[in-house]
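So the chains spell out like this:
Protein chains: 2
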Amino acid sequence: MLNEFSLIQRYFANEKAQRADVKFGIGDDGAVTRPLPGHDLVTVTDTMVEGVHFDHSTPARAIGHKIIAVNLSDLAAMGAEPCWVSLALTLPESNPEWLQEFAAGLHEICDYYNCSLIGGDTTRGPLTVTVTAHGQVPEGEAIPRSGAKPGDWIYVSGPLGDAGLALDITQQKISARGPYAQHLIERLHYPGPRVALGQSLRSIASSCIDISDGLVADLQHILEASKAGADIIMEELPLSLAMTETLTQAEAYKKALSAGDDYELCFTVDEHNRGRLETLTAHLKDKPACIGRVTQNKQPLIHFKLHGEPYEVQLEQAGYNHFMSSGSDQGNR
Amino acid sequence: MLNEFSLIQRYFANEKAQRADVKFGIGDDGAVTRPLPGHDLVTVTDTMVEGVHFDHSTPARAIGHKIIAVNLSDLAAMGAEPCWVSLALTLPESNPEWLQEFAAGLHEICDYYNCSLIGGDTTRGPLTVTVTAHGQVPEGEAIPRSGAKPGDWIYVSGPLGDAGLALDITQQKISARGPYAQHLIERLHYPGPRVALGQSLRSIASSCIDISDGLVADLQHILEASKAGADIIMEELPLSLAMTETLTQAEAYKKALSAGDDYELCFTVDEHNRGRLETLTAHLKDKPACIGRVTQNKQPLIHFKLHGEPYEVQLEQAGYNHFMSSGSDQGNR
Numbered sequence: 169m170l171n172e173f174s175l176i177q178r179y180f181a182n183e184k185a186q187r188a189d190v191k192f193g194i195g196d197d198g199a200v201t202r203p204l205p206g207h208d209l210v211t212v213t214d215t216m217v218e219g220v221h222f223d224h225s226t227p228a229r230a231i232g233h234k235i236i237a238v239n240l241s242d243l244a245a246m247g248a249e250p251c252w253v254s255l256a257l258t259l260p261e262s263n264p265e266w267l268q269e270f271a272a273g274l275h276e277i278c279d280y281y282n283c284s285l286i287g288g289d290t291t292r293g294p295l296t297v298t299v300t301a302h303g304q305v306p307e308g309e310a311i312p313r314s315g316a317k318p319g320d321w322i323y324v325s326g327p328l329g330d331a332g333l334a335l336d337i338t339q340q341k342i343s344a345r346g347p348y349a350q351h352l353i354e355r356l357h358y359p360g361p362r363v364a365l366g367q368s369l370r371s372i373a374s375s376c377i378d379i380s381d382g383l384v385a386d387l388q389h390i391l392e393a394s395k396a397g398a399d400i401i402m403e404e405l406p407l408s409l410a411m412t413e414t415l416t417q418a419e420a421y422k423k424a425l426s427a428g429d430d431y432e433l434c435f436t437v438d439e440h441n442r443g444r445l446e447t448l449t450a451h452l453k454d455k456p457a458c459i460g461r462v463t464q465n466k467q468p469l470i471h472f473k474l475h476g477e478p479y480e481v482q483l484e485q486a487g488y489n490h491f492m493s494s495g496s497d498q499g500n501r
Numbered sequence: 169m170l171n172e173f174s175l176i177q178r179y180f181a182n183e184k185a186q187r188a189d190v191k192f193g194i195g196d197d198g199a200v201t202r203p204l205p206g207h208d209l210v211t212v213t214d215t216m217v218e219g220v221h222f223d224h225s226t227p228a229r230a231i232g233h234k235i236i237a238v239n240l241s242d243l244a245a246m247g248a249e250p251c252w253v254s255l256a257l258t259l260p261e262s263n264p265e266w267l268q269e270f271a272a273g274l275h276e277i278c279d280y281y282n283c284s285l286i287g288g289d290t291t292r293g294p295l296t297v298t299v300t301a302h303g304q305v306p307e308g309e310a311i312p313r314s315g316a317k318p319g320d321w322i323y324v325s326g327p328l329g330d331a332g333l334a335l336d337i338t339q340q341k342i343s344a345r346g347p348y349a350q351h352l353i354e355r356l357h358y359p360g361p362r363v364a365l366g367q368s369l370r371s372i373a374s375s376c377i378d379i380s381d382g383l384v385a386d387l388q389h390i391l392e393a394s395k396a397g398a399d400i401i402m403e404e405l406p407l408s409l410a411m412t413e414t415l416t417q418a419e420a421y422k423k424a425l426s427a428g429d430d431y432e433l434c435f436t437v438d439e440h441n442r443g444r445l446e447t448l449t450a451h452l453k454d455k456p457a458c459i460g461r462v463t464q465n466k467q468p469l470i471h472f473k474l475h476g477e478p479y480e481v482q483l484e485q486a487g488y489n490h491f492m493s494s495g496s497d498q499g500n501r
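Those sequence lines, one after another, are chains A and B.
Sequential numbering of the first sequence, starting at 169, is according to our numbering.
Sequential numbering of the second sequence, starting at 169, is according to our numbering.
There could be a bad hint or two in this list.
Pairs involving identical chains hold if they fit within one copy or between any two copies, as the list cannot separate such chains.
Cross-link-like lysine-lysine pairs, in silico, DSS-like; alpha carbons within 25 Å at most [said to hold, decoys possible]:
{"id": "1", "residue 1": "455", "residue 2": "341"}
{"id": "2", "residue 1": "341", "residue 2": "473"}
{"id": "3", "residue 1": "317", "residue 2": "191"}
{"id": "4", "residue 1": "317", "residue 2": "455"}
{"id": "5", "residue 1": "191", "residue 2": "395"}
{"id": "6", "residue 1": "455", "residue 2": "422"}
These are computed hints drawn from the structure, not numbers from a lab.
Since the structure is predicted, the reported quantities are computational estimates derived from the model, not experimental observations.
Turn these sequences into a full structure, and let the hints guide you.
Now the structure itself:
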């Protein structure tokens, strides 16, 4: 008989060694971990709900991957090194195949980033997955949203809008040619959090956020926290080949500005640190793209330009909002 | 328009000051806290789901209180001082009255135990509440489940079975006289985690667990982890007046052994430390009760005696188990 305890043990107790800083993992009332001296602890939490963030056609492996990825992406945005994760899994029934795939997806990404699953809770109910992830950063070096200053350059870490385009493809709103569709759906289901880049930005970025709700919505969070405005140069927005081959330019810009779920980082760098950033990222395949500049606070907060002319943008929605949305918005968050 | 962000800000950003060790709280990608030097971090997670752990008649305030209480109870069982909590709240709709009551219940208990709400996630979906709580304990002093040794004395921190009896009353399986019913339902809805006692037990208890699934089920977790058995003296089980006035002795024993949700601590103390425990707890209103002794490993793991004679116990269920249970078991966990 599979009880709650053996369920957790069976699927989530990773056969591989835990990190050395995990003193007690799964199997006690709580997990015990040893923080690094001289470091701050960074704690992030994200939930994914069936029918809202994914649907029944989403592979269990992708759900296991993505719930970790979205949390590590938040840690990356703070400049933190990911260390430990706790899982709260609510399931309508104990389905061994589903659990095995889900756990495999979860363990793969945890192992890749040297992050240990230290505990959690398994309950019966509608399918809901919550992860709380813990990272560490040297004392006082966490990157806030609130540090952008007029004159700082605005960067994004990679192509924008791919996950949103993939969602349209899975929902058959848009058709894409085979290889592109494959690439895009991979980006939606198995996002790669910018963990190494986030840590590199600690002493370089003045502010940082991860793009989960769309560039405009998330950049606005930086601007509101920093009491500043921004100018965005449309032709500098990084777009994937899959994007430019599938949509018109205007459609692609709209996706890049408003679609969520890409988990790239958006960050600001002052003039003085720009050279350090260029050096640091010179070797990267996806070099961060400089897409504009922070200005004084203004209304609207963001001005858009294309080839020097004002560009009127139409957003699909001003960032995804769970309580403003009436329908089912799988994949968007 | 109430979006996700303002929802969190409005109800959960506590007007009172945060702990001084919270560097960034709600409102960034992650919370930043500063661990105490020379301490281990203890992390616990518990989920409550509507229709499983509570029903629509449960007051929102009680849900807010209890999701924190059950987590702090796990921290207490580890001997940890509670510090920071993260909340993942999934709601079918934004209901201001519900949120206000829920947040009030949550803040009250957090404030009482000097614990800061540092962040979380709010999503749309079936009502589910997950809290991850963080505590600290001097390096190496967390109390494990696995340290019980033959000869150790077994204690529980207070009356057993009250929450289970209260559940029967709310479900109208049992009727109780007015003042007792009130007292019992209070115990079910607003459990008081044994936070101070847990910390006092650090250098005294050889093992500890909190009683969430019932004494027998939770003591078995200690015995399995410690590879030991136990003898329990039935007449030493602490029972409330409300319990003894409502049920027969046999019914009361059954409740005390098998009902969950009391959040008392069950712990073991070796002969050498027994005097220290007595001194430490002499001033408490609910003095821990010594209910038996750890033995060598045996089958069955636990022997029960009443006035020196073997006592045949009938358990309601061997601890609550989400995946063995087909019906709706509100309140039990």
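Going down the list of hints, with the structure as the test:
1. 455 <-> 341: neither (31 Å within a copy, 66 Å between copies)
2. 341 <-> 473: neither (29 Å within a copy, 70 Å between copies)
3. 317 <-> 191: Cα proximity of residue 317 and residue 191: across copies only (21 Å, versus 42 Å in one copy).
4. 317 <-> 455: within (23 Å within a copy, 59 Å between copies)
5. 191 <-> 395: The answer is between: 20 Å across copies meets 25 Å, while 43 Å in one copy does not.
6. 455 <-> 422: Answer is within; shortest intra-copy Cα gap is 22 Å, inter-copy 66 Å.
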